[in-house]
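Chemist: Listed here are the chains, written in short residue letters.
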Amino acid sequence: GQNIDQPTEMTATEGAIVQINCTYQTSGFNGLFWYQQHAGEAPTFLSYNVLDGLEEKGRFSSFLSRSKGYSYLLLKELQMKDSASYLCAVRATGAGSYQLTFGKGTKLSVIP
Amino acid sequence: ETGVTQTPRHLVMGMTNKKSLKCEQHLGHNAMYWYKQSAKKPLELMFVYNFKEQTENNSVPSRFSPECPNSSHLFLHLHTLQPEDSALYLCASSQDTVTGGTGQPQHFGDGTRLSIL
Numbered sequence: 028g029q030n031i032d033q034p035t036e037m038t039a040t041e042g043a044i045v046q047i048n049c050t051y052q053t054s055g056f057n058g059l060f061w062y063q064q065h066a067g068e069a070p071t072f073l074s075y076n077v078l079d080g081l082e083e084k085g086r087f088s089s090f091l092s093r094s095k096g097y098s099y100l101l102l103k104e105l106q107m108k109d110s111a112s113y114l115c116a117v118r119a120t121g122a123g124s125y126q127l128t129f130g131k132g133t134k135l136s137v138i139p
Numbered sequence: 002e003t004g005v006t007q008t009p010r011h012l013v014m015g016m017t018n019k020k021s022l023k024c025e026q027h028l029g030h031n032a033m034y035w036y037k038q039s040a041k042k043p044l045e046l047m048f049v050y051n052f053k054e055q056t057e058n059n060s061v062p063s064r065f066s067p068e069c070p071n072s073s074h075l076f077l078h079l080h081t082l083q084p085e086d087s088a089l090y091l092c093a094s095s096q097d098t099v100t101g102g103t104g105q106p107q108h109f110g111d112g113t114r115l116s117i118l
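One line per chain: the protein sequences are A and B, in this order. Following this note's numbering from start to finish, the first sequence increments by one per residue and tops out at 139. Following this note's numbering from start to finish, the second sequence increments by one per residue and tops out at 118.
Keep in mind the hints are simulated off the structure, nothing from the lab. Treat the hints with caution; some may be incorrect.
[Stated by the list, open to error] Capping the alpha-carbon separation at 25 angstroms, the derived lysine to any residue pairs in SDA-like fashion look like this:
1. Lys134/A - Met47/B
2. Lys108/A - Arg64/B
3. Lys41/B - Asn48/A
4. Lys108/A - Gln29/A
5. Lys42/B - Pro139/A
6. Lys42/B - Ser72/B
7. Lys23/B - Glu85/B
8. Lys23/B - Thr128/A
9. Lys41/B - Ser110/A
10. Lys103/A - Thr53/A
11. Lys42/B - Tyr99/A
12. Lys131/A - Pro70/B
13. Lys131/A - Asp86/B
14. Lys42/B - Leu73/A
15. Lys42/B - Asp109/A
16. Lys108/A - Met47/B
17. Lys108/A - Ala40/B
18. Lys41/B - Glu68/A
19. Lys131/A - Ser87/B
20. Lys131/A - Thr71/A
21. Lys103/A - Gln29/A
22. Lys108/A - Asp79/A
23. Lys42/B - Asp32/A
24. Lys41/B - Met37/A
25. Lys53/B - Asp97/B
26. Lys131/A - Lys53/B
27. Lys23/B - Glu68/A
28. Lys42/B - Thr38/A
29. Lys131/A - Thr53/A
30. Lys84/A - Tyr99/A
31. Lys131/A - His65/A
32. Lys42/B - Thr128/A
33. Lys41/B - Ala119/A
34. Lys42/B - Lys84/A
35. Lys42/B - Leu81/A
36. Lys108/A - Gly4/B
37. Lys23/B - Thr38/A
38. Lys41/B - Gln46/A
39. Lys95/A - Ser110/A
40. Lys41/B - Lys84/A
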């Protein structure tokens with residue numbers, strides 16, 4: 028089975044840095060995705076990690092440790108528009124490799 | 002992003018009605034997905050189609066019936082739904098993981114907000 032945990036809510040200040048953690052226990056691992064979802068809108072792809080280490084993409088970075096079953100999404104220079112839910116999702120292996128298992132999402136509120 | 006389009010955006014129906022949700026993708030993908038998103042729950046995968054063939058059905062009740070006539074279109078036929086089926090239904094598409102590799106992200110539509118009276 029798959030289990031993915033991430034904090035329910037976080038609040039951070041405009042211009043600051045915030046780290047959103049995700050831990051997972053899965054029967055197989057074939058990569059981890061982060062998505063951003065604004066209220067009432069579609070989830071949009073942010074990052075993909077399959078090897079250990081840090082992937083940087085502008086203000087957003089994502090880190091993976093497969094041995095620890097742990098990832099984080101780092102958002103720098105926070106802007107008000109970053110207020111959204113951030114979804115962590117893990118891809119399985121084998122017959123279920125089309126399937127992404129999602130966490131419940133972390134609702135981030137950016138305040139002035 | 003208009004790569005994945007879902008209609009209608011909102012739907013209110015009674016428990017005895019029959020309706021269909023439509024999804025269309027213009028990204029040249031060959032895998033399509035239906036998800037259910039309820040408040041305070043993770044996105045739940047319902048169905049997966051790869052090259053028009055259903056590859057996964059995650060124990061979804063038979064009152065939900067998917068149809069994939071071609072790689073660009075996906076339908077979800079609804080009949081005799083229950084109040085607990087009220088949710089946001091999201092369609093997504095991606096390249097398949099065999100030809101495209103496991104790093105292919107799924108691209109989502111804006112969803113259909115379904116309310117069952």
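Chemist: It remains to establish, for every hint, whether it holds in the given structure.
Modeler: Against the structure, the hints come out as follows:
1. Lys134/A - Met47/B: holds, 24 angstroms
2. Lys108/A - Arg64/B: With a Cα-Cα distance of about 39 angstroms, the restraint between lysine 108/A and arginine 64/B is violated, given a limit of 25 angstroms.
3. Lys41/B - Asn48/A: Given that 25 angstroms is the threshold and the Cα spacing comes to 18 angstroms, the pair holds.
4. Lys108/A - Gln29/A: Roughly 31 angstroms separates the two Cα atoms, so the pair is violated.
5. Lys42/B - Pro139/A: violated, 29 angstroms
6. Lys42/B - Ser72/B: Outside the cut-off at roughly 29 angstroms; violated.
7. Lys23/B - Glu85/B: With a Cα-Cα distance of about 21 angstroms, the restraint between lysine 23/B and glutamate 85/B holds, given a limit of 25 angstroms.
8. Lys23/B - Thr128/A: The given pair, whose Cα atoms are some 23 angstroms apart, holds under the 25 angstroms limit.
9. Lys41/B - Ser110/A: holds, 17 angstroms
10. Lys103/A - Thr53/A: violated, 29 angstroms
11. Lys42/B - Tyr99/A: holds, 20 angstroms
12. Lys131/A - Pro70/B: violated, 32 angstroms
13. Lys131/A - Asp86/B: holds, 18 angstroms
14. Lys42/B - Leu73/A: holds, 21 angstroms
15. Lys42/B - Asp109/A: holds, 21 angstroms
16. Lys108/A - Met47/B: This hinted pair is violated, its Cα atoms lying about 31 angstroms apart.
17. Lys108/A - Ala40/B: Holds, because 22 angstroms separates the two Cα atoms, which is no more than 25 angstroms.
18. Lys41/B - Glu68/A: holds, 16 angstroms
19. Lys131/A - Ser87/B: Within the cut-off at roughly 18 angstroms; holds.
20. Lys131/A - Thr71/A: With Cα atoms ~15 angstroms apart, lysine 131/A and threonine 71/A stay inside 25 angstroms; holds.
21. Lys103/A - Gln29/A: Roughly 30 angstroms separates the two Cα atoms, so the pair is violated.
22. Lys108/A - Asp79/A: violated, 29 angstroms
23. Lys42/B - Asp32/A: Holds, because 12 angstroms separates the two Cα atoms, which is no more than 25 angstroms.
24. Lys41/B - Met37/A: holds, 15 angstroms
25. Lys53/B - Asp97/B: holds, 11 angstroms
26. Lys131/A - Lys53/B: Answer violated: lysine 131/A to lysine 53/B is near 29 angstroms, above 25 angstroms.
27. Lys23/B - Glu68/A: holds, 17 angstroms
28. Lys42/B - Thr38/A: Measuring from Cα to Cα gives roughly 20 angstroms; hence the hint holds.
29. Lys131/A - Thr53/A: At roughly 16 angstroms apart (the allowed maximum being 25 angstroms), threonine 53/A and lysine 131/A satisfy the hint.
30. Lys84/A - Tyr99/A: holds, 14 angstroms
31. Lys131/A - His65/A: Holds: lysine 131/A and histidine 65/A sit about 14 angstroms apart, inside 25 angstroms.
32. Lys42/B - Thr128/A: holds, 12 angstroms
33. Lys41/B - Ala119/A: With Cα atoms ~23 angstroms apart, lysine 41/B and alanine 119/A stay inside 25 angstroms; holds.
34. Lys42/B - Lys84/A: Since the Cα atoms of lysine 42/B and lysine 84/A sit roughly 28 angstroms apart, the hinted pair is violated (cutoff 25 angstroms).
35. Lys42/B - Leu81/A: violated, 28 angstroms
36. Lys108/A - Gly4/B: holds, 22 angstroms
37. Lys23/B - Thr38/A: At roughly 36 angstroms apart (the allowed maximum being 25 angstroms), threonine 38/A and lysine 23/B break the hint.
38. Lys41/B - Gln46/A: Roughly 21 angstroms separates the two Cα atoms, so the pair holds.
39. Lys95/A - Ser110/A: violated, 28 angstroms
40. Lys41/B - Lys84/A: The given pair, whose Cα atoms are some 29 angstroms apart, is violated under the 25 angstroms limit.
Hints 2, 4, 5, 6, 10, 12, 16, 21, 22, 26, 34, 35, 37, 39, 40 from the list above are not met by this structure, while the remaining hints are.
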